[in-house]
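Visitor: Residue strings, one per chain:
Protein chains: 2
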Amino acid sequence: MKFTIQKDRLVESVQDVLKAVSSRTTIPILTGIKIVASDDGVSFTGSDSDISIESFIPKEEGDKEIVTIEQPGSIVLQARFFSEIVKKLPMATVEIEVQNQYLTIIRSGKAEFNLNGLDADEYPHLPQIEEHHAIQIPTDLLKNLIRQTVFAVSTSETRPILTGVNWKVEQSELLCTATDSHRLALRKAKLDIPEDRSYNVVIPGKSLTELSKILDDNQELVDIVITETQVLFKAKNVLFFSRLLDGNYPDTTSLIPQDSKTEIIVNTKEFLQAIDRASLLAREGRNNVVKLSAKPAESIEISSNSPEIGKVVEAIAADQIEGEELNISFSPKYMLDALKVLEGAEIRVSFTGAMRPFLIRTPNDETIVQLILPVRTY
Amino acid sequence: MKFTIQKDRLVESVQDVLKAVSSRTTIPILTGIKIVASDDGVSFTGSDSDISIESFIPKEEGDKEIVTIEQPGSIVLQARFFSEIVKKLPMATVEIEVQNQYLTIIRSGKAEFNLNGLDADEYPHLPQIEEHHAIQIPTDLLKNLIRQTVFAVSTSETRPILTGVNWKVEQSELLCTATDSHRLALRKAKLDIPEDRSYNVVIPGKSLTELSKILDDNQELVDIVITETQVLFKAKNVLFFSRLLDGNYPDTTSLIPQDSKTEIIVNTKEFLQAIDRASLLAREGRNNVVKLSAKPAESIEISSNSPEIGKVVEAIAADQIEGEELNISFSPKYMLDALKVLEGAEIRVSFTGAMRPFLIRTPNDETIVQLILPVRTY
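These protein sequences, in sequence, are chains P and F.
The opening residue of the first sequence carries number 124 in the numbering used here; numbering runs sequentially from there.
The opening residue of the second sequence carries number 124 in the numbering used here; numbering runs sequentially from there.
Heads up, some of the hints might be wrong.
Note that identical chains are pooled: a pair holds if it fits in a single copy or bridges any two copies.
Under the rule of at most 25 Å between Cα atoms (straight-line distance), these lysine-lysine pairs were calculated in the DSS-like manner [said to hold, decoys possible]: (1) Lys130 <-> Lys434; (2) Lys266 <-> Lys313; (3) Lys130 <-> Lys392; (4) Lys313 <-> Lys418; (5) Lys210 <-> Lys463; (6) Lys313 <-> Lys187; (7) Lys291 <-> Lys211; (8) Lys210 <-> Lys392; (9) Lys392 <-> Lys357; (10) Lys233 <-> Lys392; (11) Lys418 <-> Lys266; (12) Lys233 <-> Lys142.
By construction, these hints were calculated from the structure, which means they are not laboratory data.
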């Protein structure tokens with residue numbers, strides 16, 4: 124194998140596939156990055172067996188030559204060293220050559236690295252996925268779907284299924300749901316596929332987070348292929364494979380209250396900042412809660428009390444307070460997480476009493492719902 | 124105590140004095156910040172008993188009113204909460220009022236915090252320092268003196284005296300020396316004081332690092348008052364006290380070779396980057412060294428070898444190679460540390476053989492010297 128490649132493109136591809144490489148793997152060769160040079164270009168692969176990422180650099184793009192292949196071939200190089208080395212190379216082009224016994228030479232300017240490589244034939248194969256049925260979602264929408272749900276997955280392995288996001292496709296609509304059983308995030312999106320195609324899978328939260336990091340912010344379509352055990356995201360020159368979680372995702376539809384007893388509409392930023400301030404003292408208390416008191420036609424008050432340190436209270440101007448008077452306590456972290464992913468200047472919060480889950484939405488937008496379970500303090 | 128203050132100035136002062144506050148103190152009141160409102164303005168004090176910082180906000184600056192004092196007084200507030208609270212207050216002004224039993228109200232807009240304070244009379248007094256003899260150094264020079272030496276102090280408590288920087292004043296010259304016994308940094312500066320005034324003290328490295336962080340980059344003079352046990356740095360509106368280290372600093376003058384057998388002059392940036400690249404593989408090896416080979420009238424080669432991973436070799440263009448041929452090994456970290464604080468496009472390295480300490484300097488600048496002990500590998 125021997126080729127010359129643009130350094131900036133090499134660095135970018137290596138950084139992308141590096142996101143799948145774990146140093147804590149039990150399969151030694153997976154601490155490496157597989158490099159395959161063919162007549163069309165060079166591909167890089169990283170994997171921790173849960174997630175696999177392949178990045179392809181074509182020989183040419185438009186009129187620009189990016190890679191010059193002198194001899195096709197393949198090698199596996201230690202990911203940690205290879206990625207740090209390419210970042211620090213002195214010149215704009217890099218020559219990579221495999222010699223005898225997998226010894227690999229990396230040359231750039233006067234710097235010459237010799238790395239001991241491994242046989243690429245020993246590297247596990249990527250999952251084989253047949254793709255007659257792909258879902259297409261624009262990259263920026265996909266990144267939003269992920270951002271607005273993935274933060275709510277469980278971080279505990281007690282119920283492994285809750286560490287993933289449930290993707291359910293029915294009636295040409297995608298429904299993404301994440302919950303850690305204390306709060307729930309739900310996001311819908313219309314899909315341009317036949318009504319009779321349906322899926323119901325759980326994608327690990329970690330996979331979605333890593334996927335989001337390597338996707339650029341643009342409107343190009345990402346092809347998504349879902350099988351029984353794997354999902355494949357195909358963006359421009361990048362393939363992202365993730366295994367799916369085993370098991371049935373709990374039915375969460377019954378959790379979401381259909382009516383409400385108290386409704387408030389407030390300025391998102393003011394509300395978020397008041398919660399943030401109240402959380403400064405909440406953190407210290409054993410309960411770690413802030414309290415919200417709403418008196419219809421009067422005012423909303425956010426407060427928190429930590430006997431040893433002190434207390435904080437703040438009145439919030441509400442655009443609307445309707446229904447019953449309410450005193451409710453909740454985790455400020457969950458509220459801040461939810462507010463941060465809601466778009467729009469105003470938010471609507473719908474309560475059904477101090478002991479029942481409540482909903483946070485943007486007025487007039489039914490595609491995204493955030494739900495939080497209150498904390499019993501009264 | 125009751126006063127109203129500009130939020131941005133309050134935040135700045137609190138952040139400055141916070142640098143002296145440690146959460147691991149054995150004196151509970153030192154986890155707090157002391158606030159004293161007088162007719163002239165408000166002062167804030169933080170201390171971990173090694174370092175004490177006082178920041179003063181005057182009532183007025185030029186024509187601008189910064190503080191309105193309604194009632195003088197004093198209080199101690201928990202540093203961690205107070206500093207986070209003031210950062211997150213909603214409006215540009217903040218009212219702070221002490222009520223009964225040290226209960227302190229912090230108001231800004233509609234947000235109101237109640238913090239349990241402590242009696243300011245219980246707060247330890249700052250060291251009393253008589254200041255008939257101050258040294259004056261421009262802030263930017265002082266920051267350079269610190270930056271170019273403090274990185275070389277020892278981080279081990281085996282020889283506590285080496286965790287500080289030796290400041291020696293003689294013949295109107297300040298000599299700052301730091302060493303961890305593997306490398307040494309030395310910086311000189313002319314002072315505008317009488318020739319017969321002399322000092323020889325050791326300032327803890329940590330104190331100098333924190334001092335540097337709170338000094339702005341400007342040319343205003345800092346007054347430095349040195350006593351037997353304390354040093355006081357007086358910048359505009361900030362007093363910075365540090366205890367001195369007990370004991371005698373070792374005499375390091377004999378360490379510095381007076382002649383050399385091999386001299387090289389190289390481009391600083393090229394040399395630094397080559398060392399940085401070589402260090403990528405050096406880290407892995409047990410020795411953690413890079414090797415430099417100089418052949419007079421020919422070339423310089425930087426290399427490193429880590430049998431399991433691979434090796435790297437790079438030729439460097441030298442502006443000058445004089446004297447004997449040389450092969451020497453050293454820690455790339457020490458070399459990078461030294462190169463980062465040297466100013467100028469070129470550096471001169473003077474060797475006296477593979478087993479002897481070598482010097483790194485900027486050509487034609489005798490005010491700064493970096494010394495490194497080589498590692499025996501041949």
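Visitor: Now tell me, hint by hint, if it's right for this structure.
Guide: A quick look at each hint next to the structure:
For the identical chains of this complex, Lys130 and Lys434 are inter-copy neighbours only, at 20 Å across copies versus 56 Å inside a copy, given an alpha-carbon limit of 25 Å. When the C-alpha separation of Lys266 and Lys313 is checked against a cutoff of 25 Å, the pair qualifies only within one copy, where the shortest distance is 15 Å, while the shortest distance between copies is 59 Å. Taking the shortest Cα distances, Lys130 and Lys392 sit within 25 Å of each other only across copies (20 Å), while inside one copy they are farther apart (43 Å). Within a single copy, Lys313 and Lys418 get their C-alpha atoms no closer than 38 Å, and across copies no closer than 70 Å, so neither meets the 25 Å cut-off.
When the C-alpha separation of Lys210 and Lys463 is checked against a cutoff of 25 Å, the pair qualifies only between copies, where the shortest distance is 19 Å, while the shortest distance within a copy is 34 Å. Proximity of Lys313 and Lys187 under a CA criterion of 25 Å is satisfied in neither setting, with 38 Å inside one chain copy and 57 Å between copies. With identical chains, the CA atoms of Lys291 and Lys211 are never at most 25 Å apart, being 44 Å at best within one copy and 40 Å at best between copies. In the homo-oligomer, the alpha carbons of Lys210 and Lys392 lie at most 25 Å apart only across protomers (16 Å), although the nearest pairing inside one protomer, at 40 Å, exceeds that limit.
With identical chains, the CA atoms of Lys392 and Lys357 are never at most 25 Å apart, being 36 Å at best within one copy and 41 Å at best between copies. In this homomeric assembly, Lys233 and Lys392 come within 25 Å of each other (Cα to Cα) only across copies, at 15 Å, whereas the closest approach inside a single copy is 54 Å. Taking the closest pair of Cα atoms, Lys418 and Lys266 never come within 25 Å of each other, the shortest separation being 38 Å inside a single copy and 56 Å across copies. For a Cα distance limit of 25 Å, the shortest separation of Lys233 from Lys142 qualifies neither inside one copy, at 30 Å, nor across copies, at 45 Å.
When the structure is compared with the earlier hints, violations turn up for hints 4, 6, 7, 9, 11 and 12 and for no others.
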